[in-house]
Amino acid sequence: MLSLIVFLPIIAGLIILAVPSSQKQIIRIVSLLAAIGQGVLAFLIWRGYDPSIPGITAGPGGSAFGSFQFVEKLSWININLGALGSMNIDYFLGVDGISVTMVILTALVSAIGVLSSWTIQKQVKGYFILYNLLATAMMGCFVALDFFLFYVFWELMLLPMYFLIGIWGGPNREYAAIKFFLYTLFGSVFMLLVMIGLYFSVTDPVTGNHTFSLVAMATQSNFNVAGAIFAPENHGWRLIAFIVLFIGFAIKVPMFPFHTWLPDAHVEAPTPISVILAGVLLKLGTYGMMRINFPLFPEVFQASMYVIGIFGAINIIYGAFCALAQQDLKKMVAYSSISHMGYVLLGLAAGNSEGMLGALYQMFNHGTITAMLFLLVGVIYDRAHTRQIDKFGGLSSYMPRYAAVVTIAWFASLGLPGLSGFISEAFVFVGAFSSVTTRPIAIVSVLGIVFGAAYLLWSLQRMFLGKRKPDAAYDLEVDAEGHEHIHFHDWKGKLDLDARELVMLVPLAVITIALGIYPMPVIGMLTSSINKLVQVLSPVVLTSLN
Amino acid sequence: MEQLATIGLNHYLTISAILLCLGLFAVMTRKNAIVILMGVELILNAANINFLAFSKYNGSMQGVMFSLFVIVLAAAEAAIALAIVINIFKIFKSVDVSSIDSLKE
Amino acid sequence: MFELPSGAEIQSIIAVLKANTGFFIPEIYLSVLFMAVILVDLVTKGRKNNVLSITTLLGLLGSIYFIFQQHALPSGEIFFGMYVIDRYALFFKYFFVVSGIIAVIITMADEQFNREVKSMGEYYALIISMVIGMIMMASSGDLLMIFLSMELVSFSAYILTGYFKRNRRSSEAALKYLVYGAVSSGLMIYGFSLIYGLTAQTNLIKISAALAAHGYDPLIMILATLLILAGFGYKIGAVPFHFWSPDVYEGAPTPITAYLSVASKAAGFALLMRFFYIAVPRAALPVEDVMGIDWVALLIVLSIASMVYGNVVALWQKNVKRLLAYSSIAHAGYLLLGVLLRDALGTQATLFYLTSYFLMNFGAFYVVTLIANKTGSENLEDYRGLGRRMPIAGAALTVFLISLVGLPPTIGFIGKLMIFSALLAKGSLYIWLALIGVLTSVISLYYYMLIPLNMYLRDSEQPEEKSFNPGLIANILMSFLMILTLWFGLFFTPLSDFARYSSAMFGITLQ
Amino acid sequence: MHSLIQLSIVVLLLPLLSFVTLIFFNRRLPRRGDFIGVGILGTAFALSAYIFWTVIVQSYDPAFRVAWDFTWIDLGNVPGVGPLQVKMGIVIDNLTAIMLAMVTLISLLVHLYSTGYMAGDKNYGRYFAYLGIFTFSMLGIVLSDNLFSIYIFWELVGLSSYLLIGFFFEKDSAADAQKKAFLANRVGDIGMWLGILILYSQFHTFSFSEVYANLAAGKFALSNAWLTAAGILLFMGCVGKSAQFPLHIWLPDAMEGPTPVSALIHAATMVAAGVYFVARIFVMLTPDALHVIAFIGAFTAFMAATIAITQNDIKRVLAYSTVSQLGYMVLGLGVGAYSAALFHLVTHAFFKACLFLGSGAIIHAMHHEQDMRWMGGLRKHMPWTFATFTLATLALAGLPLTSGFLSKDAILAGAIGFANVEGGGIYYLIPVLGFFSAMLTAFYMGRQIWLVFFGESRTHLKPADPHHGDHHAHDSHAAHGDDHHAEHGVHEVSWNMRAPLVILAALSVFFVYSPDPLDGAKGWFMKMIPTPATVVGAANPQIGSLPAGSVLPQLAAVGALPETHTAEGAVAPAEHGAAPAAAEHGAAAASHGEAKGGHAYSDPRQAEIVHAGHAAHYTAIYISSVMVVLGIGLAFVVYVFGIIDPAKTAVAIRPLYLFSLNKWYWDEIYQATFIKGSVVLSKLLSWFDTNVVDGIVNGVATLVRKFAFANAGFDKYVVDGLVNFTAFSVNTTGAVLRKLQTGKVQTYVVMLLVAVFGYFIYYFTRLIY
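Chains as they are written, first to last, in this note's numbering: chain A, 1 to 546; chain B, 547 to 651; chain C, 652 to 1162; chain D, 1163 to 1931.
Be aware that one or more of the hints could be misleading.
Said to hold, decoys possible - Residues from chain B that face chain D, not an exhaustive set, calculated with beta carbons under 8 Å:
1. L570
2. N578
3. S648
Claimed, not checked - The calculated label-pair distances, taken between Cβ atoms and stated as ranges, are:
4. C:H722 x A:N172: 55 to 63 Å
5. B:K602 x D:F1922: 24 to 32 Å
6. A:N209 x C:V702: 36 to 44 Å
7. B:H557 x C:A723: 27 to 35 Å
8. A:G236 x B:K602: 18 to 26 Å
9. C:P725 x A:M1: 46 to 54 Å
10. D:V1841 x A:Y306: 26 to 34 Å
11. C:L1135 x A:Q121: 29 to 37 Å
Claimed, not checked - Covered stretches of chain D, going by a simulated chain A footprint (3 or more residues, C-beta under 8 Å):
12. 1241-1250
13. 1353-1365
14. 1768-1776
15. 1784-1797
Calculated directly from the structure, the hints in this document are not laboratory data. Quick reminder that beta carbons are idealized off the backbone N, C-alpha and C, glycines included.
In isolation and in its complexed conformation, chain A is listed as follows (with noise of 0.2 Å):
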């Protein structure tokens, strides 16, 4: 079930590969077939999850599929090693409850993703392809357990992202593409020399032999090759690990201070691979953080919990700022990004159940908040080739249904109650408050909500509240009964939102709010595995509770 949920995209993009690239509508059906496909895929496993089932170490007798559901695990790579015994590389997916929340979200925004790719014109074959080479390997990564797995698809990731926004990108393309692949590459070749290190400490406890499975590093007990560099003992190489990750993973997130690539990134990219970024890859590094980071090493988390939740805050805050004084709407939405992602890692620095559902959680709730955020700047910018925020003004006046989904996604976006946002980041907050280490860190941060508002809110005026500005982007006509109408230069289309963009729109917009009234469809699925992550990541937590 896995295989077919992370596979179905890419034999949609063998399947194009035979289409001619003439037949732009049937390779666009076919993707979009793959990610409908995908989604009821992700619905199917939304069922079958068993939420009671805890996940992130293995289950009784050290095996993965007592405690990891919809597991597969086939013998992949095998290869003698003399001395070294043989290297094992297992074909290893499973899901458990911080896995299969981003699974659906992936689901959701590559579907979403390939409807607002309906408007791409240029070389709409190699597009759809990569697009699907994408999609492919986002889901990958998040069912993988085999570190090797995961890497492959970690990087796999790459490539397409690169020629996404380097061939269908802005004027500064070239610039946005390789700054994102020279970055998140520079994260990820050290990963790979921890993999190999970890690969060489870790024994998984039902053959002897070493292994890439996480379930097995999870466990703290399997580090037991004596004078393996990660070995316990070995601190000085095992904190090195853990930043050489963090850093790795910080990089997707982003984090201060390696978050640059990511403005230039969105606002050179389409749309779609926009909607696809914010929502989905930058998952990618606070999940990676969950999954390897700190269960691998929980005594370092523990030390390092302090400096994570001030880089949270510093996200946080400024971000915020950031945005504040932001003039390209795209670019304040992708600094909100930052911010948001700043709750996430707060969150996880709390190291207590409260905040890492509330960073998990965040981590959803940004997903479909983002991907609304970003498909309303797509919509403006088809219209009026600009996403100058001052070139607008007034626009609820003529474009109602337009201003009220904004309305709803960016108040959603600064955390209103009875919107998903709210309870993430309410819950990131309470965590970080009740532990004691972060608790001066959530004090400051708290100011985030008072800047997320202002930005949000100022941006909303600007664009959609007052009359229209004298250089807006639009013309101002008043027809004979004094009704008035604006058009935009060279825009054939429906001024309002068309129903492509409402169905794009619409379910994403429900999700917000139905999750904000009542999570638990949700959160039900992470609770138990976040109990059991707080737990691995240890006892030091509970006892600093007050």
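Following the hints, position chains B, C and D against chain A.
Using the frame of chain A, we list chains B, C and D on its own:
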């Protein structure tokens, strides 16, 4: 005279070392491709002298064999080298190696 | 002073020779093929047709059969220790033959030959002679054999490099190659002579025995080793013995560039490893050798220098062939990482890396050749917008480059994975080398990506969007290589097991 | 589930239903579906009236409390905590019942009124939808049984207020005002949220009852300073919503909204929510926190009153008077006059709503003229409005026989009592400010009445400029777009706008609340809403009388207002003395069940204050009456008899006048400090981001940025920068190294030899040494 009568290994080695240096000197300083190749010959002959001397002084045949092969290969090399140099002269109208540097950096 | 052998001895010698020829069949076969090709050339009067190339292809393919026969043979020395039969040599026999085949294929694809030369004449014969020479390099167990085989390879290479007689760049490259090669091989011979002087032996094993038994004067030994290293370093194109390679690679005909960059580099490594593992004392060495000579440090310096220099200078290249030349220098550095470990895993990793390098580099050069056919240029600027006009070639080239960078899911990634695994398994001292390795590979990403960047992200100046089709066979071959690169990137067990199987010299695996 | 709970759930959800229906279908419904809004609110009011009847009138029980909750979020078995759920719930007690009735009633009246006032607006339907969601969230606040849900509805109220203030969003002023309101409230909410976090981090629950139980059990592990901080932080929520200093600035601007909205939200209900919330958390407020609250309240009351006297916009006068009255309530809570404060909340809700609706009627009749200087002589034209408006004014001014008198007097009495108990000189500041503000109130309301209703019409005096002087001028409807004062005669408003006025005015008379026109304490309200028992005093009595030294540093740490420190220091000894005495007073009070609902106080201090307040009752009456008379008298002197010419006075005391006219320059100050500050900071940071951070990462920043836009060779800098953090090193090494490749074969040879013999010499030296 008895000095001469007792020419020892060191003498051979010294000679060969000197030859080597001369060869290298020629290779490094001369501009003419032919002369450079002669320098290479000197290097090879230096090696030959070594082989022969050693083979004489530790009484094994391999040295002699080796030097024979070196001589032969030196000849072969010279043949190829000259062919190439002639070709170069055809194209560049010169055999000054320092002027032949269109491929660089 | 030397007493002549008695008749009995001569009899026994002849007997041994007769016996040993049985172990020498592939080489003999290839030599026959060599002459056969020359004959065919005479028959066809050098007329341009594929008879020559086809004969060569089939001949080389045939040789694989004979090589395969040798799996049955026991490891050991033949011809009085001149020559070695072992799995290690076998690996390289396959390697060189196949690379010869691919070189021929690329040649067939390269249209520059039509422009430059009237007759393919001895071209293919020389390729075969190079194959023979390299096979001998890989299997030689004696300094003399090493010298002979190396010269055989070099001579053929000189001629092939200058094969475009009327082409300035080709001839210049030949000259440079010649001079540089001659000097460094001369130095190597001098080093050999010194070794011989120290040990009175030319057989590698005997040398190591003698060194171990009597010890030696470190100073002379160092000088000898350095001079020999100069000879090997020139073959593998490692800094600081690399200077010839960029110019030669740029000037030589593309198939020869590919051939040199893959095969003769591999031959160099084959020699290097055999010499350093067998000849010089290597008993479970600490880094600081008992006899005061720090080989490992020497190789470490070479490897770091190569990785950094190769990658950094490549950033500036505008000519694709030259860019690949520098990248090949960098890859020599990565390979040295495996060599300097001097253990089983290291050897295995090196051999595996060679294989991966073989695939991706040949692939890259093949595509470059095809593109050069269409655009008549190897300049980065002229690659603009090619991705659209040559979709398959573009995709293939991208895959090969990604593999050269070392990103999954390609064989290049696995190669790096093996090398780094070997390093980390060896201990934390080597982690720093691994760090340099990954850092430089990030640099390499940049210049490798310059090519796809030009192919896809930029549009060509001239608006004409007519798509170039390199032809069915070419497409199939490219796709084949591409798929191999990807396939072995995902399922590399057989390759790596074969590398492990082959990492035994004289039937002994290092520990 | 208790039947009342079911009812209240219905009451809660009905307005939401109205919102959902109207927001989606208003355009498809006749009359844009306003009847739905009104009808639904009617039902809601009927139901809550029934609740009120059962709880308060029919069977009153001082300890009445029904609660119901359900698990909203289940966190499972949390390590270190055990099973953990976040619950949502509803609680009904006497206070809730009263608030329910009040909110629904006013909301209903405003709905009704709006059908007339907003008629013809292009977003007529959406307007009622917004009213619906507002009512929903307000009722949510009233009914919530835990901090988390209160916070949720708190923000939702903020949202609906945002939407309604900006209802005429084409006006930049409205857009500014709505943003300002939301942000100011957010600042308050931060504090509230932190307060909630402090409590949660201790008890892992949000529920009021559980929190209080834990507090009473002394489970609060942190220092008392944290508890005080929690109290003050929670109070910050009230500061935001109830427009207390220093966050009062948004309320006057909020008058950009339609006038009925001002009546409903920004006079009667939402702004009162803050006070209601403080009342809810009253039992956990430490004396220190209460002191802060009292002083803020007193100061706000005074400041707002001084501002109100010089405003010319009729709605702004009322707005500031609202701020001032809210100050009273907060003051009341701060001094411990719990019942009185809530009593004032209710009375004020009615008469202030009446005033706003009245002013709305006037504005409506005057075709959206809001400047009192151009009104006058309206009493002839609009008798109904005049009568009701005047009655409400009297109530606001606090003349006897009005409801305002009862409540305000009770508060002031409490203030005096409080000052007596605390016994510190500085505490007398609070009643003094209170009384002084009472006088000012009387003055500016007198002024308003006179300017609006008496004298001759001054419309013709208005300087005729196309866009009406100050931009706060008027609500620009599509229908009532332009206005010509001269032509249209001013006429009384229609019945659906008149009826609410009458009802509200009727509710501003004393007998609704108390048989004795002079003593609210004898009234049912104060009987039925007694001061609840504190949970902090009981659990750890040392809080009340903590030695100054030990508290101050911690207080400073949590940033309470400075005066409390000194105050605390000053009164500490006094309280030691006071406590026992208070104890027996309380006992006595309890024994001969006096007008304190026969409630025994666990906290002696509280008992003492209440008792002293009761004692100070008549003093309060006398002083306040005098003050009010003074105020009105002054108004007469100035505006009726014209003995003092306001214009001349204004010139005479120009600085003071301007200070008041410009609202103490708070807006300017905030603009200059916080807003400018953060904008500048943001610009700075984003510059920092694009140049420095990006720069460090990309190597030499400027180079990168320059090359970033030159499509040519820029990327080589990027790569170098990205790869090893200094663009230069790699790149220049590359540049240098490649020069080695001279193309001259001999140099190659030379370098080869250099390398070989270099090594050799290196080893040679190593061998020598």
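Hint check:
Hint status for L570 of chain B relative to chain D: holds, with the closest Cβ pair at about 6 Å, below 8 Å. Taking 8 Å as the C-beta contact cut-off toward chain D, the hint placing N578 of chain B at the interface is violated, the least distance being around 11 Å. The criterion of a C-beta within 8 Å of any C-beta in chain D is met by S648 of chain B, whose closest approach is roughly 7 Å, and the hint holds. Here the CB-CB span from H722 of chain C to N172 of chain A is close to 58 Å, well matched to the stated 55 to 63 Å.
With their beta carbons about 27 Å apart, K602 of chain B and F1922 of chain D fall inside the hinted range of 24 to 32 Å. A hinted range of 36 to 44 Å is violated for the C-beta pair N209 of chain A and V702 of chain C, which are about 55 Å apart. Between H557 of chain B and A723 of chain C the CB atoms are about 52 Å apart, so this pair departs from the stated range of 27 to 35 Å. With their beta carbons about 59 Å apart, G236 of chain A and K602 of chain B fall outside the hinted range of 18 to 26 Å.
Range check, P725 of chain C to M1 of chain A: Cβ separation about 52 Å, and the 46 to 54 Å hint holds. Checked against the hint of 26 to 34 Å, the C-beta distance between V1841 of chain D and Y306 of chain A comes to roughly 31 Å, which is consistent with it. The hinted range of 29 to 37 Å is satisfied by L1135 of chain C and Q121 of chain A, whose Cβ atoms lie roughly 35 Å apart. Under a criterion of three residues with beta carbons nearer than 8 Å to beta carbons of chain A, the stated coverage of the stretch 1241-1250 of chain D is upheld, 4 such residues being counted.
Counting residues of the stretch 1353-1365 of chain D whose CB lies closer than 8 Å to any CB of chain A gives 7, so the stated coverage by that chain holds, three being the minimum. Under the rule that three or more residues need a Cβ within less than 8 Å of chain A, the assignment of the stretch 1768-1776 of chain D is violated, with 0 such residues. Only residues whose beta carbon comes within less than 8 Å of a beta carbon in chain A count, and the stretch 1784-1797 of chain D has 0; fewer than three means the coverage is violated.
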